[in-house]
Structure formats: structure tokens, C-alpha cells
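Asker: Chain residues, written in single-letter form:
There are 2 protein chains.
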Amino acid sequence: MNFPSKIVENAVNHLSSLPGIGKKTALRLVLHLLKRNKQQVVKFGEAFIELIEKINYCEKCYTISDTNTCEVCNDSKRDHLTICVVEDIRVMMAIENTSQYKGLYHVLGGLISPLDGIGPNDLKISELTQRIETENIQEVIFALSTTMEGDTTNYYLFKVLEKLNVKISSIARGIAIGDEIEYADEITLGAAISSRTPYSE
Amino acid sequence: MNFPSKIVENAVNHLSSLPGIGKKTALRLVLHLLKRNKQQVVKFGEAFIELIEKINYCEKCYTISDTNTCEVCNDSKRDHLTICVVEDIRVMMAIENTSQYKGLYHVLGGLISPLDGIGPNDLKISELTQRIETENIQEVIFALSTTMEGDTTNYYLFKVLEKLNVKISSIARGIAIGDEIEYADEITLGAAISSRTPYSE
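Chain order of the listed sequences is G and R.
Here our numbering is used: the first residue of the first sequence is 35, the next is one more, and so on.
Here our numbering is used: the first residue of the second sequence is 35, the next is one more, and so on.
Bear in mind the hints are in silico, worked out from the structure with no lab data behind them.
Every value quoted in this text rests on a predicted model; they were computed, and no experiment measured them.
Zero decoy hints are in this set.
Because identical chains cannot be distinguished in the list, a pair is counted as satisfied if it fits within a single copy or across any two copies.
For lysine-lysine, the following DSS-like pairs were computed, each having C-alpha atoms within a straight-line distance of at most 27 Å: (1) 136 with 40; (2) 40 with 57; (3) 94 with 201; (4) 72 with 158; (5) 158 with 111; (6) 158 with 201; (7) 136 with 111; (8) 40 with 88; (9) 40 with 158; (10) 111 with 201; (11) 57 with 69; (12) 69 with 158; (13) 69 with 94; (14) 69 with 58; (15) 111 with 40; (16) 136 with 57; (17) 58 with 136; (18) 57 with 72; (19) 136 with 193; (20) 136 with 158; (21) 88 with 72; (22) 94 with 72; (23) 158 with 58; (24) 77 with 58; (25) 58 with 40; (26) 88 with 57; (27) 57 with 77; (28) 40 with 94; (29) 193 with 158.
Bound-form chain G, shown alone:
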């Protein structure tokens, strides 16, 4: 595409760098932005700068949080002896929406994916074992997507955690294989948490 303006081209290139957004869609979105008033677009841009400059992660469970420890970790009414291991904040938000789980979380920050160059050391796995040992955790629930990467991570985590004195379970595979957890309906997801099964190879 030959752009008549470097400024537009730059904005289009940034938008189309996002997954699922092509150049034509990006140009459509940029022209849409240009029809707004200046202050709105400035705020649009500033939202991303603020995002990356002020983003903060809970120092216990590594979820995104505006405070040092997140609301869930701070909540004394929750079960502080159970940890649910999730890929990212989206899965945590989906499980919270079911109101079926009252324990804590641990956000890995991704899944093991050799194709994308993501190994166990890129995830918060050593932090998880440390939490299990220091916080006297009784049970760890794996709530990872039933994809190749999720299964790989499940298996790796099981191998690491089976040496520790902790009960390990995985949310019930009532969710169709290949589906992503965040898109499951709340009833299926809630039932899958209630009927979790002991982890077996």
C-alpha cells in the first residue's frame, strides 16, 4: 500500500501490528479516529502509554493489579490454602465471573510453547513452587486451556509439583477439547471447577 502520508502510514503500521488486524482494517480504523475530536484521539494514544508505564502486577499471584497485592490476595474471606493456576488475567476474570471459586490464583503469564520460544523459565513457575512451600498451600488447581500448549504446561507443572506435599487437581474437562477457557459459558466453567479431578498422567 502506498500511503500519501507518513503519519497515517505510521499509525496504520502500529495498528496492523496487532494480531488479527490487517492493513486495510487498520486504515479504516485510523480514518475513523480522524473523524473524532482531537482530545479524544490524544486520550486514545495516552491510554496505551499509561498502560505500559503504570502497569503493575500483584507481587503474590502476578495478576495485573493497580495495587501491590491484588484484591483477591488481600481478601481475608477467601481460601488462602488453595491456588488456581491460570494462563493470564483473562482466564482469572472468567473464573471470577462464575462465583464458584473462593481460593487464590497464580498467573503464569503464558503457556509453554516451544514454537513461540516460550519455555518454563519464561513463566512464573518457580514463583509458584515457592508460594506452595512458604504459604503452606494444600491444593493446586490447574485451569489451563485444553490446547497443545495447555496440556504441555499441565504436564510440566505436574512433574514439578508432584515432588511437593500438595494435592494437585485439574478443572474437569467438561470443556470441549480445543476450546479456549475464556470463551466457555459460565455454567460449564463453574461446573468444571466444582468437579475437578485428581491429576493423572
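Since the structure of chain G is already known, use the hints to place chain R on it.
Answerer: Quick look at chain R alone, frame taken from chain G:
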């Protein structure tokens, strides 16, 4: 959706304000951005601030241009007696890609759309009549999408321009009714420009 972080929620709300992007997609894109390094995301945000602060329109044809008058208007080899009327820069870029047109453009900045509150006075129509009169324009080609809004605008423009001493044509309707011009393939679009037909009601 209950977001654990106001900063993330703000970024998600801004992204999902764009047409075709829902909250879940926006959250996925925001988490994608958070995996990049800080400098990249700052540049991402700055691209939109620069876009709205430095955007400039050609003072002759109202296309987006980094200079006061655009490359097309400045090109002495082009036919300065013919104007092609387009909705926005996307259509202009699509026509330029066909290499079938050597005249000038006039960018309306939208189409007449009462449902969206866009009337003739919101478009660069009086600027078009002024150009036709002062620049001694011989022919005006309408290259507007074959949608309801495009047809309405075609008709309105014809009513305004028929009083002037200028030949009026419309690109051939080889393009399927209901399709948007920017997505037409170059051959169809090029042929449609070559076989333009005199405008008739």
C-alpha cells in the same frame, strides 16, 4: 466485565470504541501489547497522538497529505482539467493503484448519510464547486461507493453540478451493487474508470 485494573480497563475501553472490536478482542490485544517492550508500546500510543496533532489535508483536494498541497495536485504531468470525486483517502489510494487515472481528485470526507447525521454541509461540496469554477475544470468523475449513501451523494452532487458548465460522469457500475469500492480488485476498478458513463438520473 469486571477488570482488576483501571489502567487495563481504560485501554480496553479505548480499543473497543473502534468499530468491529469488542471488549474480549480488545482485552486480548491489550494483553498482547503488554508482552512487548515498553518503548514499543510508548511508540504505539504516540503514533495516534502524532496522527491527530500533525494530520494535514491538501488545501486543494482535501486528501490527507504531509505537505500543504498533495503529490497528485503538485504533479504537473497529470491532467489538471479532470477531477475524480471520492469519499475518502482509501478510495483515492485504490484508484491510484489501478494506474488508470491521470487526473486530480477531490476528497469529500464522507458521504451524505442522514442516519449518521451527515448532511451536504459536512462534506467538501462547496469547495468542489468553487474548484470547478476557478480551475476551469472540464470533467468531473464521480467515484462513490454503490451504496445507499453513495447513490444519495451522487444524486445530490449531480443536482448541484449540472448548473455548472462541466461534463459529469460516473465510474461504470461494473462493480457489484452493495460492494465498497476500496475492496474491488484493481482490474475491475480500472475498467470501471475507463468505461465511465455520462451521469443520468
